[in-house]
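*Asks:* Residue strings, one per chain:
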Amino acid sequence: MVVKQHNNYALDCQKVSHWFGATKVLYDLNLKVRAGQFVSLIGPSGCGKSTFLRSILGTHPPNQGKILTMQNGSLITADRPGRDRGIVFQKYSLYPFLTALDNVALGLKLDQTSSLFRIFNWSGWAKKRKVFRDRAAVFLEKVGLGNAINMYPDQMSGGMQQRVAIAQALIMEPEIILLDEPFGALDEATREELQEMLLQLYQENQEALSKNKKPPYTLIIVTHELNEAIRVGDRLIGLSQYWDWKKSGFDVSPGATVVYDREAPIFKPNERPNYESFDIIRKDIRKYVYNPDILQSRNDHLVNDLV
Amino acid sequence: MIGRPISRIKRVVLSALSVLLLLLSYTWISHRQHQINPQDTTIPSWGQLAEGAKKFTQPDRKGHRWLIEDSIATGKRLAAGISLGIIFGFLIGMFMGCIASVEAFLQPPISLLAKVPQTAALAVYFVFFGTGMKMYVAMIAFGVIPALAVTVYLAIKDIPSEMLDKAYTLGASHFETAYEVVFKQVLPKFIDAVRLCIGPAIVFLIAAEMVVGDVGFGYRIRLQFKLTNMNVVYPYLVFLAGFGYLLDYGLRFLQSKICPWYQNDSK
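Residue numbers (this note's numbering), protein chains in the order written: chain V, 1 to 307; chain A, 1001 to 1267.
Honestly, the hints are just simulated from the structure, not real lab data.
Nothing here was measured: the structure is a model prediction, and the numbers come from that model.
For glycine and all other residues, C-beta sits at the position ideal for the given N, C-alpha and C.
Errors might be hidden in some of the hints.
[What the hints assert, rightly or not] Which stretches of chain V does chain A cover? Using the computed rule of at least three CB atoms under 8 Å from a CB of chain A, they are:
1. 81-90
2. 110-116
[Unchecked claim] Restraint-style ranges between C-beta atoms, simulated for each label pair:
3. V/210 <-> A/1091: 32 to 40 Å
4. A/1079 <-> V/193: 52 to 60 Å
5. A/1257 <-> V/74: 32 to 40 Å
6. V/157 <-> A/1212: 41 to 49 Å
7. V/15 <-> A/1103: 33 to 41 Å
8. V/210 <-> A/1257: 50 to 58 Å
9. A/1105 <-> V/74: 38 to 46 Å
10. V/193 <-> A/1088: 33 to 41 Å
11. A/1028 <-> V/157: 53 to 61 Å
12. A/1021 <-> V/193: 30 to 38 Å
13. V/227 <-> A/1179: 41 to 49 Å
14. V/114 <-> A/1215: 46 to 54 Å
15. V/114 <-> A/1083: 23 to 31 Å
[To be verified] In silico negatives: residues of chain V with every beta carbon more than 12 Å from chain A:
16. 168
17. 169
18. 235
19. 271
20. 286
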């Protein structure tokens, strides 16, 4: 299957380094993500995947280097969270005091109306509110929760909550959606259902590209589950602190960096992958990303920019 | 067995039984007391209690209806004091929870104030605010503000940072984050805190009324106690209990109406 690519970048990380005091986390990390790509971010625990994701989100801007995201049509430094980036956390993504519908509609409300408008223009707000909620219902339908719109998060299962959280992010039509181990707390079957839901979005991307339109969804998903990374992503990025930094002149580890960047096989939503066929890729990843004894020097990193 | 639920009928019967037992034992104790001393007023009989009821519901020689005047006086003081306390307690807590410099600035005085026993500080309020309405309001307000502010502040600290970051990705302004996310999340816990602070507020008020009041529940109870008119004192205590219960019930009802999502364990 030929993967079509879009020309625009959604994310451009340039020489990103990050540290907390003496603890070095990220070192000279470069990454460009095209609109429509589904990037799986993998790496050993403690390698800084979540820190990197939060840097992109803007809550922890990098100490060095630049992170540019697409904002109003051009790549701009992302130094605080903004409506151009959506986020789905493992938990606490939903507001417990809102129903599924209102959780999804909240973004439209906050983004498209102001507090003053809602207070002083009652009838105008009532009309808009209905429009927003109708649209939220469409998105809940899209993630398969058409019949749970009036449930509070506490009444929903973990899988349902994550579906709502994804709808909540999708409705904003952000340039890039960040998912931080979104299915980490779910059981295997639910996990696979949600992976299929993401693949549905990927298919919409492919359809848009074949009509020469901009693909609507760009994703970075952090996961520790390699099968999930390979199945959902069309690109695998391995972040690791295990590389030969001594050869680059460091006495102590300067932090994790991108050591692996490969295309991943593409799956259709209803296509059950043969996980045994993932073996070769998994072995490759284990060797270059996870193994502390196999150290590549900076120049040998399996990085192609997929331009 | 521990924790095994019982049927509804059993529950109702047992509740009724406890009330009945209470009334019966009172009747018995009062009866015994009157056998020893027929003139006794410390444990009034039901007949004496009815006389007392007449005393505080009918106009006295000067035309005052005690119960009505006391209720109005005490109610006004409590309402004004609590309202002021709620408003300021909430605002201070919100600012402390949302803005780190306000937190650093206000934390020492608030935590100190919270430890001052209000009834012991009565003298201070008399000096600063006299013995009128102003004093009652100030005393109640200052009495409840620290507890309310700390509750709101801690509730805000409890909100996972993910929820705040998320709000910004949904296009919220700072004010919207404070109102749409923080306020709405804190509201039920705040109502719980208000419920809990009404008890202490009534204690402060009654104590102050006992010392300097010329009308009100505290004043009446002290006066009638001096005359050992317990047939007035006991009903007044029942009124206070009933009033406190109604207020608590009202707040719980309000909470369940405006925060249906909140699972309240303290019911």
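*Asks:* For every hint, state whether the structure bears it out.
*Replies:* Hint by hint, here is what the structure shows:
Coverage of a stretch by a chain is defined here by at least three residues with a beta carbon nearer than 8 Å to that chain's beta carbons; for the region 81-90 of chain V and chain A the count is 7, and the condition holds. Beta-carbon proximity to chain A at under 8 Å applies to 5 residues in the region 110-116 of chain V; the threshold of 3 is reached and the given coverage holds. A hinted range of 32 to 40 Å is violated for the C-beta pair residue 210 of chain V and residue 1091 of chain A, which are about 57 Å apart. Take residue 1079 of chain A and residue 193 of chain V: their Cβ atoms lie about 55 Å apart, and the range 52 to 60 Å holds.
Between residue 1257 of chain A and residue 74 of chain V the C-beta distance comes to about 48 Å, which lies outside the given range of 32 to 40 Å. Our hint of 41 to 49 Å for residue 157 of chain V and residue 1212 of chain A is violated, since their Cβ atoms are close to 60 Å apart. Between residue 15 of chain V and residue 1103 of chain A, the C-beta spacing of about 36 Å keeps the proposed range 33 to 41 Å intact. For residue 210 of chain V paired with residue 1257 of chain A, a C-beta distance near 52 Å keeps the hint of 50 to 58 Å intact.
In this structure the hint that residue 1105 of chain A and residue 74 of chain V lie 38 to 46 Å apart at CB holds, the actual value being about 41 Å. The hint said 33 to 41 Å for the Cβ distance between residue 193 of chain V and residue 1088 of chain A, and at roughly 50 Å that hint is violated. Range check, residue 1028 of chain A to residue 157 of chain V: Cβ separation about 57 Å, and the 53 to 61 Å hint holds. At about 58 Å, the CB distance of residue 1021 of chain A to residue 193 of chain V disagrees with the hint of 30 to 38 Å.
Take residue 227 of chain V and residue 1179 of chain A: their Cβ atoms lie about 43 Å apart, and the range 41 to 49 Å holds. Taking 46 to 54 Å as the suggested C-beta distance range, the pair residue 114 of chain V and residue 1215 of chain A conforms, at roughly 49 Å. Taking the beta carbon of each, residue 114 of chain V and residue 1083 of chain A are about 29 Å apart, inside 23 to 31 Å as hinted. Separation of residue 168 of chain V from chain A is inadequate, the least Cβ-Cβ distance of about 8 Å not exceeding the 12 Å criterion.
Residue-level check failed: residue 169 of chain V sits 8 Å from the nearest beta carbon of chain A, not beyond 12 Å. Every CB of chain A lies more than 12 Å from the CB of residue 235 of chain V, the least distance being 23 Å, so the non-interface label holds. Every beta carbon of chain A lies more than 12 Å from that of residue 271 of chain V, the smallest distance being close to 32 Å; the non-interface claim holds. With 12 Å as the threshold on Cβ separation, the claim that residue 286 of chain V sits away from chain A holds: the shortest Cβ distance comes to roughly 31 Å.
Comparing the model with each numbered hint stated earlier shows that hints 3, 5, 6, 10, 12, 16 and 17 do not hold.
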